[in-house]
Amino acid sequence: MASPLTSSSGAVRRSQLRALGLVAPLVIFVGVTFVTPLGTMLMRSIHDPVVADTLPQTLTLLEEWDGQQLPNESIYITLAEEIKQASSERTLGQIAGRINRVQSGFRSAVTRTARELHSQPIEATRESMISIDSVWADLSTWNAIKLTGQRFTARHYWNAMDLQVLSDGSIGQQPEERRIYIKLFLRTLLVSGIITLLCLILGYPIAHLIANSPPSRANLLLILVLIPFWTSLLVRTTSWIVLLQTQGVLNDLFVLIGLITEDGRLAMIYNMTGTIVAMTHVLLPFMVLPLYSVMRGIPPTHMNAAASLGATPVQAFLRVYWPQSLPGVGAGSLLVFIIAIGYYITPALVGGSEGQLISNMIAYHMQTSLNWGLAAALGGVLLIGVLILYVVYDRLIGLDRIGLR
Amino acid sequence: MRSKRPRVGRIVYLVICASIFIFLMAPIIVIVPLSFNAEPYFTFTEGMLRLDPEAWSLRWYREIITSEAWIKSLINSLVIGISATILATILGTLAALGLASSAIPGRRAIMGIIISPMITPVIIAAAGMFFFYSGLGLGQTHLSIILAHTVLGVPFVVVTVTATLASYDTTFNNAAASLGAGPWTIFRRVQFPLIAPGVLSGSLFAFATSFDEVVVILFMGGIDQRTIPRQMWAGIREQISPAILAVATFLIVFAMLLLLTVGWLQRRGEARN
Amino acid sequence: MNHLIKLTPILLILTLFSSSCGTEEPRSITAISWGGSYGKAVNEGVNIPFSDSTGIIVNVEDYNGGLAQIRGQVEIGNIHWDIVDLEIADAVRGCDEGLLEPIAINSLPDGPDGTPASEDFPPEVQTECGVGSLYYSTVYAYNENTISDVSDINPSTMADFFDLEQFPGRRGMRRVPQVNIEFALIADGVPLDEVYPLMSTPEGLDRAFEKLNTIKDEVIWWEAGAQPPQMLADGEVVMSTAYNGRIFNAQILEQQPFVIVWDGQLLDIGQIGIVKDTPRLQDALDYISFATSAESLSRISSRISYSPARKSGMALVNTHIVAGVEMEPHLPASPANVANALQYDWKWWVDNQDDMNERFSAWLAL
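Protein chains in written order, with this note's numbering: chain A, 9 to 413; chain B, 116 to 388; chain C, 52 to 417.
Since the hints were derived computationally from the structure, they do not count as laboratory data.
C-beta atoms are modelled at their ideal positions from N, C-alpha and C, and glycine is treated no differently.
Treat the hints loosely; a few may be bogus.
A few chain B residues facing chain C, derived, Cβ under 7 Å [unchecked claim]:
hint	residue
1	S249
2	G254
3	Q255
4	E353
With the rest of the complex left out, here is chain A:
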């Protein structure tokens, strides 16, 4: 930030202001339409006021409740009032859905209760509530209301780590059939690792070939890498469906050349194989391009020198070429890995159920289960992971050199 001796601090200031003025519209735009939405979405993972806003008096009364025996009569009466009100304001479904995630069967119980309370002008007492649905005689129901009534909560993050808040407030494991997220995160990491490795194995030789070809041929070969890169993702995914499906081109070819029999056609799509093959193809250019740009800078004379000193090609490669290509290997691998762990489209289209990654689970909770808090928590964990990798990338390579696509 050293200013030329000739210019006064006023001039520096002016050019600073001008630069900031040029950058400001975009920074504000990104801030408003991207960073803010992202931040408020992530807030949903720790902040959910719906139950607290809908059942305020019940929750106030429950603060005094000891949790050892059923709450007293007044809590039942208050809750009945608030359920009736929520049902006429159409917010009952929202609280029911939230509590139901902690207490199975709650949604149908509370909607039935609301219906009964509306249809017959009965006195809402402890006894009458329990006679409508036995869920009101269950201590865990009240614990669930209390738990989901917290405006700020870490339970979505516990949930994302296959843990739960038990009724005594301690943290315990989820029941076995609900422990899925750690497995999914691990699967995502594993699959991304496999894809990265495959991209490296496939990308390294061709990057090397391009880097060591005469310019005109290098350009031609580079185009062969760039065409898939620019081609629509959906087109490439469609192609893989065409190629890999049971009656698809590859299976037909295998049958034709006698590799497999007609009834032995391979299941290569709508499973993990489909996800890995299609994603490796989609991400391969992200490996080749950084590798190529590093390899282009490695003088071929080094290998010749090693050979003339008596090194075998393998030795020359391992001792001389590989170490010099490492920056490209690092950049390409990190980039591919980062993109892979957040990938959604390809697994959704060709992955079947076993080829689903964490992004697909986020989409499921966004669109189908409407468990937005959990979706945000899973997204938060994923985002933190990605950001850490980017910091590594930035330290090693520099963020402004991502300029691919």
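Keeping the supplied structure of chain A fixed, place chains B and C upon it in accordance with the hints.
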């Protein structure tokens, strides 16, 4: 003996490289002939392999150009893509000019904010923007999709233009200034013509981003905002018909045109500087 | 020229604004349906005649069932849907949660024979917010050409669907818990009348998932009703569960060699409902009256093999409008088909859908 070994190795190496190139290109090449299939199948029929003219047809192309849904999705893709590109190019080029100034404070933080849409997994971004625009009452509108695509495309403009500016010789500015030109004149007459190829290729990146975007559309778009990728998504998931292979062929040709244009622009930009 | 270039973006944005909130548009409603050949039948049988007679445009959007999208729109406060073609359990749950508008049965037109709507619709299809539309069933089907590659005999019972030894190959199943759980228990030898009582016990559910586990690795999960006939035609699966009408239409309109296995079929009734607080309530009510008239329902029934919910509608169903095939033998309730059929217990699903969804999705993800 030593001279023969490497030659065998070289052949193996070339064969391996060739197979990898086939892996890269095969999915793209295979789809083109299949789009001329006369039958509603996704594989080569015997007639096609015998080159029987009966087995080949343009029926899927006829189907898409007469389909209201596909035409509507093309129009949507173009309206959204072009609007988002214009916004992204203006905002991105201005920002890149600002970032090129050595005087700018906090460059790292600014770059971090600008680049954030590129590095955030798009599923998280789409979810966040879905809540944001729905909250503003802009759910399922063209405007919200255009703004979302703008923010996703703008980092590419910034990165590309920044790279072009890095190779721009600032002595041109000083020379023009010494001849009495004001900053605006310098920009319009000297700097912009020189960085124009970079700006244009950046905007093509932004356009390609929007034109191929499907997650945001899935989360935020309604039936009126269906774009080509969204229509293809439905085509793959729901009503699979070889018509999508015809669309795919169009998109492959389009991608090649984009690629050639960007390549040409980059060479031109290098030649000028 | 230069000025023009500068003005373009501004003009573009202005046009966009004005097109989104500008001139008065013709009256229209958005009706959500199930796409594919059923969606086409509804379009031809209901939507087009409705638009012709009222001038109201019907925008059609497809979905694959469930309440998630309505719940989401209501909670976010951005409601885009007016009319939804629902599964009956969803119609009841949506009503209980206040997502749907109550529809008085008396507001619907009489049958052509003068029977009032409240008697024309059987009591079991009348719900507070939904109006019964068509009886359909979920069955499984196979492709004669591909099954012969894997087995000498053809499948004929629900147990065969789960028999990977006799019939190796992939299966298509809908990516939801309902129907699959019932099918699994039927295939496991549970008598039809014990299926739902068993599902009300934890052991019964464990048993169902245990049975599903035996074929899990071979299943391709479908979401849209149009997928099963496509997957069968492509040979991607050797058999698939499907809505009976989709298979029928592929048989008669595309001459696909599909065979429906009626054993263990699950009979169900569809409903049409209105999303609560739509600004187009009156148009939506008019649409529902029109769409659930005996004439409209029979127009759908002569395009796809589902039968009208109205008693008076059945009298109007004869042959398929294109293929000329007699419809009656292809309907789920036809005597030959109904021999070993299970009636879908939507009340069970009203109570258990959310918990089952959660369990099912966790099971799928593992």
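Verification of the supplied hints:
{"no.": "1", "hint": "S249", "in the structure": "4 Å, holds"}
{"no.": "2", "hint": "G254", "in the structure": "4 Å, holds"}
{"no.": "3", "hint": "Q255", "in the structure": "6 Å, holds"}
{"no.": "4", "hint": "E353", "in the structure": "4 Å, holds"}
Checked against the numbered hints given earlier, the structure satisfies every one of them.
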